[in-house]
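Student: Note that the protein sequences, when read in sequence, are chains U and X.
The first sequence begins at 168 in my numbering and counts up one residue at a time.
The second sequence begins at 168 in my numbering and counts up one residue at a time.
Rather than coming from a laboratory, the hints here were simulated on the basis of the structure.
Treat the hints with care, as some may be off.
Chain copies aren't distinguished; within one or between two, either way the pair holds.
[Claimed, not checked] Below, computed lysine to any residue pairings styled on SDA-like, alpha-carbon distance capped at 20 Å: (1) 255 to 220; (2) 298 to 196; (3) 301 to 233; (4) 298 to 333; (5) 251 to 207; (6) 255 to 282; (7) 251 to 194; (8) 298 to 334; (9) 251 to 209.
2 protein chains.
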Amino acid sequence: MIVRTLLAATLAVAIAGAALAGEVPPPAPNGIAFPQGYQDWRLIAVSHRTDNNSLRAILGNDAAIAAARAGETNPWPDGTIFAKLVFKDATNPNWQAATEPGRFVHAEFMVKDAKRFAATGGWGFARWLGKEQKPYGENADFAQECFGCHTPVAERDYVFTTPVILP
Amino acid sequence: MIVRTLLAATLAVAIAGAALAGEVPPPAPNGIAFPQGYQDWRLIAVSHRTDNNSLRAILGNDAAIAAARAGETNPWPDGTIFAKLVFKDATNPNWQAATEPGRFVHAEFMVKDAKRFAATGGWGFARWLGKEQKPYGENADFAQECFGCHTPVAERDYVFTTPVILP
Chain U
168 MIVRTLLAAT
178 LAVAIAGAAL
188 AGEVPPPAPN
198 GIAFPQGYQD
208 WRLIAVSHRT
218 DNNSLRAILG
228 NDAAIAAARA
238 GETNPWPDGT
248 IFAKLVFKDA
258 TNPNWQAATE
268 PGRFVHAEFM
278 VKDAKRFAAT
288 GGWGFARWLG
298 KEQKPYGENA
308 DFAQECFGCH
318 TPVAERDYVF
328 TTPVILP
Chain X
168 MIVRTLLAAT
178 LAVAIAGAAL
188 AGEVPPPAPN
198 GIAFPQGYQD
208 WRLIAVSHRT
218 DNNSLRAILG
228 NDAAIAAARA
238 GETNPWPDGT
248 IFAKLVFKDA
258 TNPNWQAATE
268 PGRFVHAEFM
278 VKDAKRFAAT
288 GGWGFARWLG
298 KEQKPYGENA
308 DFAQECFGCH
318 TPVAERDYVF
328 TTPVILP
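Excised from the complex, chain U in its bound form (with noise of 0.2 Å):
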């Protein structure tokens, strides 16, 4: 008896962690989902900051792979999504000269649905804090500020970044 308490205990303790390991984080206070499965996307391009010290990586899901090689990218077509993901710059140990990927700082997106997001140029902004991917803002006004650092590149469909088209 106290075997098979003991056992499913064990169960439920092994369960709740498999749980907690799978777990979803929840949306932006904009009601963005978090996009599962964006460490399986594609390179869209890289960038290095010397204004905050961070290398970036952005990523795209299949419809901005798509759109970037197709150089269909202003407008972006509805469906495109960026992760910007952001690293703290660190000093790779064996060759000084080179900045590698320090403390994860976030993940952040841009999800394009002219419609929806018409208020902010079609673009749905979101970030998760953090490995513990803590959605950033308060209420959803957050967004204001991703689309006002955006707007002088509404030329460029509000994207500053440039896709490497690799050979």
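Here the structure of chain U is known, so what remains is to put chain X in place on it, guided by the hints.
Tutor: Okay, now just chain X, sitting in the frame of chain U:
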């Protein structure tokens, strides 16, 4: 008759162009075949080198990604291939503190096969230059240059890059 000849000539040019566009670059001087489809591989890491002002994206084939996610990276398993895509630094015209990919310099690859490449730490090295994807190296000895540079990280299975783990 003239129309038919012109049509045939036009078609011949069009077909030659198509063949050129789909052409596979020649193998490296050490016999390593060009890894077709690398453009669709997934993210291993990014880096920025200040000694030669270049931004890099490091991608991995399925074997590399599986090993990275499982933490089985010392040694990396046979079948692992990394692609390092190197771009000259450029300044984002709309964000002066951001470095973005400029001219495409080369794609270089590390292919793990402990037996085949036993003489160079179990890794085959190859590089294709520029958009023309010209194989690098006069003869098979070029790989000694690559291996020499990677020898200081022998205890990391000759790999400088640490794969990022995306939450």
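Student: If a hint holds in the structure, say so; if it does not, say that too.
Tutor: Evaluated hints:
{"no.": "1", "hint": "255 to 220", "verdict": "both (6 Å within a copy, 19 Å between copies)"}
{"no.": "2", "hint": "298 to 196", "verdict": "within (18 Å within a copy, 43 Å between copies)"}
{"no.": "3", "hint": "301 to 233", "verdict": "neither (30 Å within a copy, 26 Å between copies)"}
{"no.": "4", "hint": "298 to 333", "verdict": "between (30 Å within a copy, 8 Å between copies)"}
{"no.": "5", "hint": "251 to 207", "verdict": "both (13 Å within a copy, 17 Å between copies)"}
{"no.": "6", "hint": "255 to 282", "verdict": "neither (35 Å within a copy, 38 Å between copies)"}
{"no.": "7", "hint": "251 to 194", "verdict": "within (17 Å within a copy, 34 Å between copies)"}
{"no.": "8", "hint": "298 to 334", "verdict": "between (34 Å within a copy, 5 Å between copies)"}
{"no.": "9", "hint": "251 to 209", "verdict": "both (12 Å within a copy, 14 Å between copies)"}
The structure shown violates the earlier hints numbered 3 and 6.
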